[in-house]
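Peer 1: Counted from 1, the sequence shown has number 143 at position 144 by numbering that gives the first Met the number 0; the numbering is strictly sequential.
Hints in this document: simulated from the structure, not taken from any laboratory. Among the hints, a few may not be true.
[Unchecked claim] Computed Cβ-Cβ distance ranges for the label pairs, DEER-style: (1) Gly48 to Glu233: 28 to 34 Å; (2) Asp51 to Gln129: 35 to 41 Å; (3) Gly410 to Glu233: 29 to 35 Å.
Because the structure is a prediction, the values reported are computed rather than measured. Quick reminder that beta carbons are idealized off the backbone N, C-alpha and C, glycines included.
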Amino acid sequence: MLSHHHSAATPQPLRSGVLVCVLLVAVVGFGISGCATYQERGDRALEQGSADRALDYYEQAIAEGTRDPQIYRSAAHAAQQLGAFAKAERFFSQALRYGGGVETARELATFYIQTSNFVQAVQVFRYLIQIEEDQEALQPMYSNLGTALKYSGDYLDAEAYLLLAQQIDPTDPVPYVNLGSLYDRHLRNLPKAVRFYECFVQMTGDTADSRQVQTRLRELNSQRRIDTSRVNLECGDKYRAAEPEQHDLREVFGLEDPQQREVTDEVHSLDLPLDYEPGTVDSPPPLVDEPTDQPEEGEGPEVVEDPADIYRDDRQRDDAEQRAEEAYEAGRYDEAVQLLEKSADGDGLTAQQEEMLGRSYYRVGRFDDAVQQLESAVEQRPTPQAVRQLISAYERTGQTDDRDQICERFGGWPDYAEAVEQCR
Numbered sequence: 000m001l002s003h004h005h006s007a008a009t010p011q012p013l014r015s016g017v018l019v020c021v022l023l024v025a026v027v028g029f030g031i032s033g034c035a036t037y038q039e040r041g042d043r044a045l046e047q048g049s050a051d052r053a054l055d056y057y058e059q060a061i062a063e064g065t066r067d068p069q070i071y072r073s074a075a076h077a078a079q080q081l082g083a084f085a086k087a088e089r090f091f092s093q094a095l096r097y098g099g100g101v102e103t104a105r106e107l108a109t110f111y112i113q114t115s116n117f118v119q120a121v122q123v124f125r126y127l128i129q130i131e132e133d134q135e136a137l138q139p140m141y142s143n144l145g146t147a148l149k150y151s152g153d154y155l156d157a158e159a160y161l162l163l164a165q166q167i168d169p170t171d172p173v174p175y176v177n178l179g180s181l182y183d184r185h186l187r188n189l190p191k192a193v194r195f196y197e198c199f200v201q202m203t204g205d206t207a208d209s210r211q212v213q214t215r216l217r218e219l220n221s222q223r224r225i226d227t228s229r230v231n232l233e234c235g236d237k238y239r240a241a242e243p244e245q246h247d248l249r250e251v252f253g254l255e256d257p258q259q260r261e262v263t264d265e266v267h268s269l270d271l272p273l274d275y276e277p278g279t280v281d282s283p284p285p286l287v288d289e290p291t292d293q294p295e296e297g298e299g300p301e302v303v304e305d306p307a308d309i310y311r312d313d314r315q316r317d318d319a320e321q322r323a324e325e326a327y328e329a330g331r332y333d334e335a336v337q338l339l340e341k342s343a344d345g346d347g348l349t350a351q352q353e354e355m356l357g358r359s360y361y362r363v364g365r366f367d368d369a370v371q372q373l374e375s376a377v378e379q380r381p382t383p384q385a386v387r388q389l390i391s392a393y394e395r396t397g398q399t400d401d402r403d404q405i406c407e408r409f410g411g412w413p414d415y416a417e418a419v420e421q422c423r
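Work out the full structure, taking the sequences as your base and the hints as a guide.
Peer 2: Next up, the structure:
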């Protein structure tokens with residue numbers, strides 16, 4: 000997946016604090032470390048690559064009751080570097096609450112994409128679109144929102160936002176590749192997929208992403224010739240769907256001859272029996288065997304389940320699945336694990352539920368269980384977010400050989416470009 004990213008603002012040290020330190024050094028010889036603020040110490044540690052030490056400083060400032068959104072943002076970045084995603088999400092949310100503004104919301108949306116939490120990313124991007132007034136800033140938001148919708152399974156809305164992003168800036172190659180993968184993998188419109196892929200390759204030149212897309216194009220063309228003449232897309236111009244062709248249905252169905260119309264109507268008459276054959280209308284064969292008074296030897300009476308019981312079981316199962324999904328989307332991963340494990344003990348889980356359970360295991364720190372569950376989900380129905388989480392779980396558990404294998408397996412697929420970035 001390609002997306003537009005907004006870089007986090009570099010925390011700025013408090014100049015007044017530095018000035019005080021310089022005066023103290025000149026007058027009484029105090030060291031800078033003795034009077035630097037927690038913000039300054041955290042920023043310095045973060046610059047030196049010590050995210051854990053930086054987070055300690057930021058949390059000390061937070062414990063003292065600070066409401067400075069910059070400190071919460073910095074704490075979120077440090078927590079994210081350490082893999083403490085739940086803590087990072089909480090700090091980002093607190094930064095927003097204390098006035099972090101649009102930039103913090105953008106960072107939170109990017110965080111959700113990087114952690115494959117596309118449902119939450121969709122919500123933040125929708126919020127950003129409502130408050131953004133700059134038309135140029137809206138284009139990457141539409142593109143990112145469309146991409147997040149695609150990976151959250153809302154394909155039609157994804158198409159709408161990605162097309163809107165393409166029309167606002169038809170020179171931006173990012174919507175082209177995401178529309179190509181959407182038509183390729185999900186909407187199964189191969190002519191559009193090929194044409195959008197071709198434009199992406201033409202517009203980006205010889206890049207790693209372009210080479211991956213070219214590999215996919217060769218795979219598609221090796222299967223069969225795909226006609227893109229009706230897609231009506233010129234690279235670098237606004238896409239406009241072609242007008243639908245007009246057809247005379249009488250010609251399509253061959254009904255120009257009135258006599259033929261009567262014959263056709265007769266053949267499709269609903270008065271004819273479904274098992275009609277010439278000569279058997281008066282005595283059609285029975286649709287079911289005649290019941291017998293005695294069961295055959297070795298057979299007992301047939302046991303018929305009460306439809307009410309079947310409906311009740313299905314309804315309870317559906318309720319449990321819905322509650323698990325709601326818990327997962329709300330970030331209550333422990334609750335999602337309990338509900339999904341209960342479903343697994345019953346009728347088993349679908350591939351989508353196995354992926355959700357694996358990702359929930361990861362979020363609560365059960366990395367070995369996450370590996371087992373995500374491996375099963377990827378084998379049944381691979382998705383970029385499942386592959387991304389599985390690679391991270393392999394790294395957490397030190398399974399580098401397995402990580403390298405999964406990276407090699409999905410390395411050439413355009414949809415998985417961002418998922419396998421962590422392999423490099």
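Peer 1: Quick one: are Asp51 and Gln129 within 35 to 41 Å, going by C-beta?
Peer 2: holds (37 Å)
Peer 1: When you take the CB atoms of Gly410 and Glu233, is the distance between them in 29 to 35 Å?
Peer 2: holds (31 Å)
Peer 1: Could you say whether the range 28 to 34 Å given as a hint is met by the Cβ separation of Gly48 and Glu233?
Peer 2: violated (47 Å)
Taken one by one, the earlier hints fail for this structure only at number 1.
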